[in-house]
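The lines below spell out each chain.
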Amino acid sequence: MLRIRDGGLQTLVQDMGRKEFYHLGVPPSGAADKYSYVLGNILLGNPHDYAALEITLLGPVIEFCKRTVIAITGAPCEVRLNEQPVPMWESLVIQEGDMLAFRMTTQGVKTYLCVSGGIQVPDVLGCKSTYVLSQLGGFHGRKLQAGDEVQIGEPLPGVFHQVGRRIPDEYIPAFSNEMDIRVVVGLSSYRLSDEGIKTFLNSEWQVGLESNNIAYRYTGATVSFKPFDPPFGAGNNSSNVVDIVYPIGAIMVPNEKELILLLRDATTGGGFVTIGTAINADLDLIAQSRPNTKTRFLAVTVDQAIEARLSKKRKILAVQELLR
Amino acid sequence: MFTLPETRFDFGGDEYIYAEISRDMSEESNFKALAITSELRRRQIPGILDICPSNSSYLIRFDPEVIPAANLLDYLKEIDMTKSNPAALNLEVRIVEIPIWYDDPITREYSRRFQERNIIKENISNFELVMKLNGFKEKEAFIEAHSRSPYLISMMGFIPGTAWEYPLGLRKDQIIQTPKYASPRTDTPGRAVGLGGAFTVIYPLSAPGSYQLIGMAAVPVFDQSGKLEDLRDSFFLARPGDIWKHRPVEEREYKQILSQVEAGTYRYRMKYVDFSPEEYFAKREAYIKQVMEDF
Chain F
1 MLRIRDGGLQ
11 TLVQDMGRKE
21 FYHLGVPPSG
31 AADKYSYVLG
41 NILLGNPHDY
51 AALEITLLGP
61 VIEFCKRTVI
71 AITGAPCEVR
81 LNEQPVPMWE
91 SLVIQEGDML
101 AFRMTTQGVK
111 TYLCVSGGIQ
121 VPDVLGCKST
131 YVLSQLGGFH
141 GRKLQAGDEV
151 QIGEPLPGVF
161 HQVGRRIPDE
171 YIPAFSNEMD
181 IRVVVGLSSY
191 RLSDEGIKTF
201 LNSEWQVGLE
211 SNNIAYRYTG
221 ATVSFKPFDP
231 PFGAGNNSSN
241 VVDIVYPIGA
251 IMVPNEKELI
261 LLLRDATTGG
271 GFVTIGTAIN
281 ADLDLIAQSR
291 PNTKTRFLAV
301 TVDQAIEARL
311 SKKRKILAVQ
321 ELLR
Chain W
1 MFTLPETRFD
11 FGGDEYIYAE
21 ISRDMSEESN
31 FKALAITSEL
41 RRRQIPGILD
51 ICPSNSSYLI
61 RFDPEVIPAA
71 NLLDYLKEID
81 MTKSNPAALN
91 LEVRIVEIPI
101 WYDDPITREY
111 SRRFQERNII
121 KENISNFELV
131 MKLNGFKEKE
141 AFIEAHSRSP
151 YLISMMGFIP
161 GTAWEYPLGL
171 RKDQIIQTPK
181 YASPRTDTPG
191 RAVGLGGAFT
201 VIYPLSAPGS
211 YQLIGMAAVP
221 VFDQSGKLED
231 LRDSFFLARP
241 GDIWKHRPVE
251 EREYKQILSQ
261 VEAGTYRYRM
271 KYVDFSPEEY
281 FAKREAYIKQ
291 VMEDF
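Taken in sequence, the protein lines are chains F and W. Here our numbering is used: position 245 in the first sequence is 245, and no number is missing along the way. Here our numbering is used: position 153 in the second sequence is 153, and no number is missing along the way.
Everything labelled a hint here was simulated from the structure, so no lab data went into it.
The calculated lysine-lysine pairs, modelled on BS3-like cross-linking and capped at a C-alpha distance of 30 Å, are:
1. 294(F) to 312(F)
2. 227(W) to 255(W)
3. 77(W) to 226(F)
4. 255(W) to 132(W)
5. 172(W) to 271(W)
6. 294(F) to 226(F)
7. 271(W) to 83(W)
8. 294(F) to 315(F)
9. 83(W) to 19(F)
10. 172(W) to 83(W)
11. 245(W) to 172(W)
12. 315(F) to 19(F)
13. 137(W) to 245(W)
14. 257(F) to 294(F)
15. 139(W) to 121(W)
16. 226(F) to 172(W)
17. 227(W) to 19(F)
18. 77(W) to 19(F)
19. 226(F) to 121(W)
20. 257(F) to 226(F)
21. 121(W) to 257(F)
The whole structure should be built from the sequences, with the hints applied where relevant.
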């Protein structure tokens, strides 16, 4: 069991996320940076989809009531075990009664605490991920608070022999305040003028302060819509379409000065013009970008998007192979 | 039976195919979306992960490592051409009654609180605004217009349980329409009834939102507590293709129903019917009358 002494800013139980309920308006939720999360589970020999704690910016203080093995991955963060600094990206043994304290992340946004045997909460709609807006899943549908007692699985067989295993440096992601995000342009991009699409692709955008797990907001340039008779049923604003179900990663244009990019807790449908979709391989990067991060959107083809996806997958398999 | 323009397909990143049946909303487009998505669901194709019908489009999520994107696109194009006739579509739908307290103090208060974000800064409620934009002078006449026709559940999405409702059996010029907020509200009360474009939605829980608020539903559309018998098998009241009927209630009955919901004794008024889009398009209003008989 984990006894939460301080919940931090927003510490949530997450796993690979919900499947099969998107058509009812249920977003996937799940770990925002899947690469870092999965590497944590790989370090412990856990199945890739075992639930972990996802820490946002300011971390929790946790007392362990069981001897086990953990791994901390994701956004760089100062972590102390009984007041002594401990490394990230490495499996660590924890004794009963140990106190683990996370401070502020120094770069990036999401840090992961994986535990051998996984975090144990009941499945809701097929997984353990937390979706805060509807108080669904995770630990009672909410972030952790002081006083919470969170169950963890029994340490898996042999895990104590794996203490000290480390992710090789070249597989640890870089966290930066400048990034390129690859996008497949389309959906209702025909509602933007040619000039508008060019501005979207050629400008430097900044991550807004109100960005969160639902969506990232960007400002910094001005795109323009085509003159257009609003379609019947859409409402009469130039940014309105007849409401659609949005892809995760879709980039909405609610007005000429703002972009909204939908992430894992997305509002799954709505009536704003969408200019395209960020590729799956770059969603981790987006979720790790802090406010004011300078972002450029690069147009890619579907084939390039799939190639990026496969190369990321190969990287995960390579790590798994190296640590076997 | 009727003709629709050719569906436009587009990729959404590496995992989605978006199919735009029409840019306008129409019943024909929606029934086509239902016909195709139910055919796809029936076929249980490996690698197709989500099948989402929406108002005049549909969205498919797939795993490109299981099914090559180009192959799936060709496959969908073929289904779109050969299986798009809603005549073949027979829906077993539920008609569900939704009691609504129109022009209530809660949504009036939200109208006031978020006035700055609306399309006009005038100090009138969203209810009054929508009345005015649609040429209604009497509150009663507007309520009658919004509750007389049954509504088709044409899409689900936004947050869990949110259903788009589109009025059945009306000409386009008879449908109440309104622009959405210029900038979304940061909050909306759960169970609030909103209007945006030609659609009505009921907010399942408190959430941001941009639809004009015209009343409060007395009954939940999403509940995971398990206390209501009708929401025990599924947390979601709506199912695409279902039909909802609004019934105006006054404050006293609204509160009565709320306390029944709270106590877990409330049962939704519901009727199961077979709905044939083919007959609907042939007979329109007369068919609606027949389907809605003794409800």
